[in-house]
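Peer 1: Okay, here's what each chain looks like letter by letter:
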Amino acid sequence: MHWIRIERYWEGEFPEVKVKFRPVLCQQCDDAPCEPVCPTYASSHSEEGLNSQIYNRCIGTRYCANACGYNVRFFNFFTPSWDKPLHLQLNPDVSVREGGVMEKCTFCIQRINAGKVSAGIQQRPLMDGEIQPACVQSCTANALVFGDLADPDSMVSKLANSPRGTKLLEELGTKPKITYLQQGSWDDSQNR
Amino acid sequence: MTRKTDNSLTTDLLRPVLETSTKFYVTVAVLALIVATGFSTWFYQIYWGMGVTGDNWPVYWGLHETNFVFWIGISHAGTLISAILRIVNATWRRPVTRCAEVITAFALMIGAMFPLIHLGRPWLAWWLIPYPSERMLWPNYRSPLVWDFFAINTYLLSSLLFLALPAIPDFALIRDRTTGWRNWFYGKLSMGWQGTPKQWHRLESAMHIMALAIIPIAISVHTIVSFDFSMAVVPMWHSTIFGPYFVVGAIFSGIAALIIVMAVIRKTLHLEKYLQPIHFQNLGKLMLAMSLLWGYFVFNERLVTWYGNTPHEMAALWSTQMGRYSPMFWTMIFCNFILPFPLLTIRKLRSITTAVIASCGVVIGMWLERFLIIVPSLSYKGTPYSWGTYMPRWPELVIFGSSFAAMALLYLLFSKFIPIISIWEMKVGEHPQIKVAAKVQEAEAAGDLV
Amino acid sequence: MKAIYGLFTTPELAQQAVDGLRAAGVPEREITIQSSEPMEEYEFGSRDRETIMPWNAVLGGTIGLAAGYLLTSTTQQSWPITTGGMPIVTNWSNLIIIFELTMLGAVFASVITLLFSARLPGRLPKLYDAEVSEGKILIGVSNPKEVAQVEHALRGSTGGVRKL
Numbered sequence: 001m002h003w004i005r006i007e008r009y010w011e012g013e014f015p016e017v018k019v020k021f022r023p024v025l026c027q028q029c030d031d032a033p034c035e036p037v038c039p040t041y042a043s044s045h046s047e048e049g050l051n052s053q054i055y056n057r058c059i060g061t062r063y064c065a066n067a068c069g070y071n072v073r074f075f076n077f078f079t080p081s082w083d084k085p086l087h088l089q090l091n092p093d094v095s096v097r098e099g100g101v102m103e104k105c106t107f108c109i110q111r112i113n114a115g116k117v118s119a120g121i122q123q124r125p126l127m128d129g130e131i132q133p134a135c136v137q138s139c140t141a142n143a144l145v146f147g148d149l150a151d152p153d154s155m156v157s158k159l160a161n162s163p164r165g166t167k168l169l170e171e172l173g174t175k176p177k178i179t180y181l182q183q184g185s186w187d188d189s190q191n192r
Numbered sequence: 001m002t003r004k005t006d007n008s009l010t011t012d013l014l015r016p017v018l019e020t021s022t023k024f025y026v027t028v029a030v031l032a033l034i035v036a037t038g039f040s041t042w043f044y045q046i047y048w049g050m051g052v053t054g055d056n057w058p059v060y061w062g063l064h065e066t067n068f069v070f071w072i073g074i075s076h077a078g079t080l081i082s083a084i085l086r087i088v089n090a091t092w093r094r095p096v097t098r099c100a101e102v103i104t105a106f107a108l109m110i111g112a113m114f115p116l117i118h119l120g121r122p123w124l125a126w127w128l129i130p131y132p133s134e135r136m137l138w139p140n141y142r143s144p145l146v147w148d149f150f151a152i153n154t155y156l157l158s159s160l161l162f163l164a165l166p167a168i169p170d171f172a173l174i175r176d177r178t179t180g181w182r183n184w185f186y187g188k189l190s191m192g193w194q195g196t197p198k199q200w201h202r203l204e205s206a207m208h209i210m211a212l213a214i215i216p217i218a219i220s221v222h223t224i225v226s227f228d229f230s231m232a233v234v235p236m237w238h239s240t241i242f243g244p245y246f247v248v249g250a251i252f253s254g255i256a257a258l259i260i261v262m263a264v265i266r267k268t269l270h271l272e273k274y275l276q277p278i279h280f281q282n283l284g285k286l287m288l289a290m291s292l293l294w295g296y297f298v299f300n301e302r303l304v305t306w307y308g309n310t311p312h313e314m315a316a317l318w319s320t321q322m323g324r325y326s327p328m329f330w331t332m333i334f335c336n337f338i339l340p341f342p343l344l345t346i347r348k349l350r351s352i353t354t355a356v357i358a359s360c361g362v363v364i365g366m367w368l369e370r371f372l373i374i375v376p377s378l379s380y381k382g383t384p385y386s387w388g389t390y391m392p393r394w395p396e397l398v399i400f401g402s403s404f405a406a407m408a409l410l411y412l413l414f415s416k417f418i419p420i421i422s423i424w425e426m427k428v429g430e431h432p433q434i435k436v437a438a439k440v441q442e443a444e445a446a447g448d449l450v
Numbered sequence: 001m002k003a004i005y006g007l008f009t010t011p012e013l014a015q016q017a018v019d020g021l022r023a024a025g026v027p028e029r030e031i032t033i034q035s036s037e038p039m040e041e042y043e044f045g046s047r048d049r050e051t052i053m054p055w056n057a058v059l060g061g062t063i064g065l066a067a068g069y070l071l072t073s074t075t076q077q078s079w080p081i082t083t084g085g086m087p088i089v090t091n092w093s094n095l096i097i098i099f100e101l102t103m104l105g106a107v108f109a110s111v112i113t114l115l116f117s118a119r120l121p122g123r124l125p126k127l128y129d130a131e132v133s134e135g136k137i138l139i140g141v142s143n144p145k146e147v148a149q150v151e152h153a154l155r156g157s158t159g160g161v162r163k164l
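Protein chains in written order, with the numbering used here: chain A, 1 to 192; chain B, 1 to 450; chain C, 1 to 164.
Please note: incorrect hints may appear among the correct ones.
What the hints assert, rightly or not - With a Cα cut of at most 25 Å, we get these calculated SDA-like pairs of lysine to any residue:
| no. | chain 1 | residue 1 | chain 2 | residue 2 |
| --- | --- | --- | --- | --- |
| 1 | B | 188 | C | 124 |
| 2 | A | 175 | B | 379 |
| 3 | C | 163 | C | 142 |
| 4 | A | 84 | A | 97 |
| 5 | B | 416 | B | 42 |
| 6 | A | 116 | A | 127 |
| 7 | A | 167 | C | 76 |
| 8 | C | 2 | B | 176 |
| 9 | A | 18 | B | 386 |
| 10 | A | 116 | C | 124 |
| 11 | B | 198 | C | 163 |
| 12 | B | 198 | C | 115 |
| 13 | C | 2 | C | 146 |
| 14 | B | 416 | C | 135 |
These are calculated hints, taken from the structure and not from any lab test.
Next up, chain A with everything else stripped away, as it sits in the complex (with noise of 0.2 Å):
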């Protein structure tokens, strides 16, 4: 199953139907309900804010599953194969999970790895857009923006603070990372 999936919700009755849309993957919560509740440390916060998804330590309980209130979690009920040539779509960064092992976004964790990697041998910081993630990558209306929240002048600090952000089941009291901006008033001109 995808790790980020489309919500389309329809209003109305035809011919005045309009249909709301919305992505929704892991929301890399700060307080995580899947974390507590892995009796093997497989889901658990790593030092840079994620809920990392380790698939070596899990032992297929799907609590995890169940405790995340936004269903982005998703079990390998099979291990899957793939006839030759097909093996060869698979990206050689992405481990391929046995079946048993519970899996998620992981915010593009090989790309991220990857940006710090190719940074730290050029003895420099990472730029704010430099790792982008392929959901923010293949977004043809740049609707999705990724960056780092612990730095204040980043885009997607910006965004995260403007007043038409909100988060998703915010009630949960789960502290999600992602922000969802809705559409602004007329006089929002400094946000996009």
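Take the given structure of chain A and dock chains B and C to it, following the hints.
Peer 2: Chains B and C in isolation, oriented as in the chain A frame:
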């Protein structure tokens, strides 16, 4: 005042151990076949993957977890009957205690299999055992599943000891009455028990302490099983009522299972003299009390949810009251509440048969209750786009059915090797405690003492 | 001879025999009493009552408590990870593990005390008769000194006084 020879009691209660009929062998063979089918289905599931079950996004827990909670719930029979009645010195408990403790031990073993069965990678389940490793990683003690591991193992060990210790005098009895392999076997099991006053005192002290200890353990076990649900912020799971709700439900289903098992062994092992209608009546009264208590908790939980009217929870609630899961819900209310009530209250209707009918209803109803706690909440969790459904598939149903066969098989084998009614406790029951001083006076007056 | 004993059908007769043996000068420790059920309501069945088992249970519970506390708090710090925003050493949830290990400690301590004080597992002593299991009470003396007096005290035995 002579003591009547206890021979008839001993003979009756030892007969199932010493004599075996063809029916026994046939039943064991059939049950073993069903259990073997269950195990093969489990291996099939391990080989092909969890996908052969009906679990799917977003309902990741289904029949296996329902069965887990169900069997752990059944295991609460022994504790209530044995420990609490022991402590309050209720004498009618004597023929019932070992039957109940056996249910606890085996229901726990079967229930403890299900956390293994539901794992995606069960061959790594040993990671839940705390042991030092080079990775410096230990189990996550914050996780309710690790709490389950500790609680269920503690309860299992304590229950097995609680069952094994009072069996020692009965093993000695069999040792003294048999020859050949039985004499050797029970001689080893009885560990040289002679029955000196010192040994009796120590045994009774140990039983008393364990009875006191096992009650809080049992309450904690099913509370911790309830924490598997209430610790997640899922609609209708994240409720503080889950702890006592589950414990009451467990005791409720445990008593029902006990009544059914007692009726079966009464018939098949010809124990009509020892398991009398009064025992079923008393257990029936307890079950009625539990039915009322259970009904109170269900009403409490649902009233609060309905009154709060949060959109987060209402979809899950309405699905059980009027929606997809409502047939199961109303069947559950009928089985747990409406059916047992007249059968257990109206004097004319009270009999062993009606107690068994009510108990069968309760067992079905409590299984449905576990299912209805788990599945509707997971179906209606999170944003409506991500709601889903669940339908069990044959591997889960086969494993479910074979768990009952496993219980029957283990129980049958137990009753073959160990008397199912505690013989020495029955003997004590037949000769109630008398004040020593009064006895001495009586004897002096009669001129018996020189 | 190694032992003299009698089998008594009622506890009253057994009490009589024990009193007789005491009168004959047999020390308390050398009187063997065996029965197929506890006879606590009679004087002969109520000796050796004091036991340190409850205290041992408390001790076992304390050990379990300490073990639970040490296990959870030290291992949680060996590779410190915060999960779900909770602290690294979560004492509220560790209480559950601590509780279970406390109770387990109490239970184990009771069972171990039982095994040691009741001398289990052990070999069946020479002075034992399988008729005890039929409901009779065995009162006997091993290596008796005053044989005639012992025999007189045990005269209420069913089927006469037995000798080993």
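Peer 1: So, for every hint listed, does it hold in this structure?
Peer 2: Going through the hints against the structure:
no., hint, verdict
1, 188(B) with 124(C), "holds (10 Å)"
2, 175(A) with 379(B), "holds (23 Å)"
3, 163(C) with 142(C), "holds (10 Å)"
4, 84(A) with 97(A), "holds (18 Å)"
5, 416(B) with 42(B), "violated (28 Å)"
6, 116(A) with 127(A), "holds (10 Å)"
7, 167(A) with 76(C), "violated (32 Å)"
8, 2(C) with 176(B), "holds (21 Å)"
9, 18(A) with 386(B), "holds (20 Å)"
10, 116(A) with 124(C), "violated (75 Å)"
11, 198(B) with 163(C), "holds (24 Å)"
12, 198(B) with 115(C), "holds (12 Å)"
13, 2(C) with 146(C), "holds (13 Å)"
14, 416(B) with 135(C), "holds (23 Å)"
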